[in-house]
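Residue numbers (the working numbering), protein chains in the order written: chain L, 1 to 176; chain V, 1 to 176.
Fair warning: there could be bad hints in the mix.
To be verified - Partial list, computed: chain L residues near chain V (C-beta under 7 Å):
1. 12
2. 64
3. 69
4. 115
5. 130
Stated by the list, open to error - EDC-like, lysine to aspartate or glutamate: derived pairs with alpha carbons at most 20 Å apart:
6. 135(L) / 23(V)
7. 7(L) / 66(V)
8. 62(V) / 22(L)
9. 53(V) / 130(V)
10. 15(V) / 140(L)
11. 30(L) / 134(V)
Hints are computed from structural coordinates only; laboratory data are not their basis. Predicted model, so just to flag it, every value in this text is computed and none were measured. Where is the CB? At the ideal position from N, CA and C, for every residue including glycine.
Number of protein chains: 2
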Amino acid sequence: MEERTVKSKLIHRGKILTLRVDEVILPNGKRATREIVEHPGAVAAVPLLVDGKVILVRQFRKPVEEVIYEIPAGRLEPKEDPRRCMERELEEEIGYRARKLKKLLSYYPSPGFSAEIIHIFLATDLDKREQKLEKDEFLEPVTLEFEEALRMIEDGRIKDSKTIIGLLLTENLSSG
Amino acid sequence: MEERTVKSKLIHRGKILTLRVDEVILPNGKRATREIVEHPGAVAAVPLLVDGKVILVRQFRKPVEEVIYEIPAGRLEPKEDPRRCMERELEEEIGYRARKLKKLLSYYPSPGFSAEIIHIFLATDLDKREQKLEKDEFLEPVTLEFEEALRMIEDGRIKDSKTIIGLLLTENLSSG
Numbered sequence: 001m002e003e004r005t006v007k008s009k010l011i012h013r014g015k016i017l018t019l020r021v022d023e024v025i026l027p028n029g030k031r032a033t034r035e036i037v038e039h040p041g042a043v044a045a046v047p048l049l050v051d052g053k054v055i056l057v058r059q060f061r062k063p064v065e066e067v068i069y070e071i072p073a074g075r076l077e078p079k080e081d082p083r084r085c086m087e088r089e090l091e092e093e094i095g096y097r098a099r100k101l102k103k104l105l106s107y108y109p110s111p112g113f114s115a116e117i118i119h120i121f122l123a124t125d126l127d128k129r130e131q132k133l134e135k136d137e138f139l140e141p142v143t144l145e146f147e148e149a150l151r152m153i154e155d156g157r158i159k160d161s162k163t164i165i166g167l168l169l170t171e172n173l174s175s176g
Numbered sequence: 001m002e003e004r005t006v007k008s009k010l011i012h013r014g015k016i017l018t019l020r021v022d023e024v025i026l027p028n029g030k031r032a033t034r035e036i037v038e039h040p041g042a043v044a045a046v047p048l049l050v051d052g053k054v055i056l057v058r059q060f061r062k063p064v065e066e067v068i069y070e071i072p073a074g075r076l077e078p079k080e081d082p083r084r085c086m087e088r089e090l091e092e093e094i095g096y097r098a099r100k101l102k103k104l105l106s107y108y109p110s111p112g113f114s115a116e117i118i119h120i121f122l123a124t125d126l127d128k129r130e131q132k133l134e135k136d137e138f139l140e141p142v143t144l145e146f147e148e149a150l151r152m153i154e155d156g157r158i159k160d161s162k163t164i165i166g167l168l169l170t171e172n173l174s175s176g
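Here chain L stands alone, though its shape is the one from the complex (with noise of 0.2 Å):
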């Protein structure tokens, strides 16, 4: 099934994407083209609290034209550690530093034309800091109750690929 790359063309360098434009052979034999977005792939967790509450943040995300709710989140710098990284996410993005971090998986939100991976993790033993954004980050972190935000995924007010799979990943924990 593999389609071997005779020639790749980079179209466009930019500050969070690379996109190319491949040419391969088919398994027939035949040539084809397959656009692809490269990405140095991202972290995100879950941060549960003791009293079960979740921590989500909602975030204006220009590609969709919305404000949306997300679980804390971070791009990886190349070769970066990604439990470093979510670490430092969890700092930034909603003030809490997280004693335990356990992988829950790693994914790909949309192979079809991007490499992007996901390392989703669910953070607990959370000790309060302080919110310390990077200039020019607007996000505004939200406590809910663990059911609400189920029940949220269910009405459609949660749309994030890594939110829902984090959320649902944890109920299946907690639940068996």
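Given the coordinates of chain L, assemble chain V onto it according to the supplied hints.
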């Protein structure tokens, strides 16, 4: 929190995606750039047989250079009805006609840089037809016990967002 667009530059108009770079005004009045992948959206469905088995497809995905497991899915044509598109894709990819398509949810795989939205269905009351792949499409249907598919999420063999979300939601429906 909104970001107002002051300039938009088309970088690439491709077969399956378009890349543009927007210049925006942040809530603090400063300017920033946003790299945005435009995408027509997609549909996906969890095909559940009467014996409780589920049908996945194995497919090579160039961006991640891997043969991965996915639920049947397809890209929407402009203005196409998601249900019609899903019915067609189920016949093409796995050779089944679904008499029942229940909408599970719509989600954003990667709203930080991509406008793509994926609509997920549960497909039941399946009638066997002939698989009729489009030319130059290479994928292999695999029928699995539902519990085995869930284990494949846990142990990392299933990594695709629509597949993880579709299977976990289907599990939730059947368990309560």
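Check your understanding: Which numbered hints does this structure break?
Key -> 3, 5, 10
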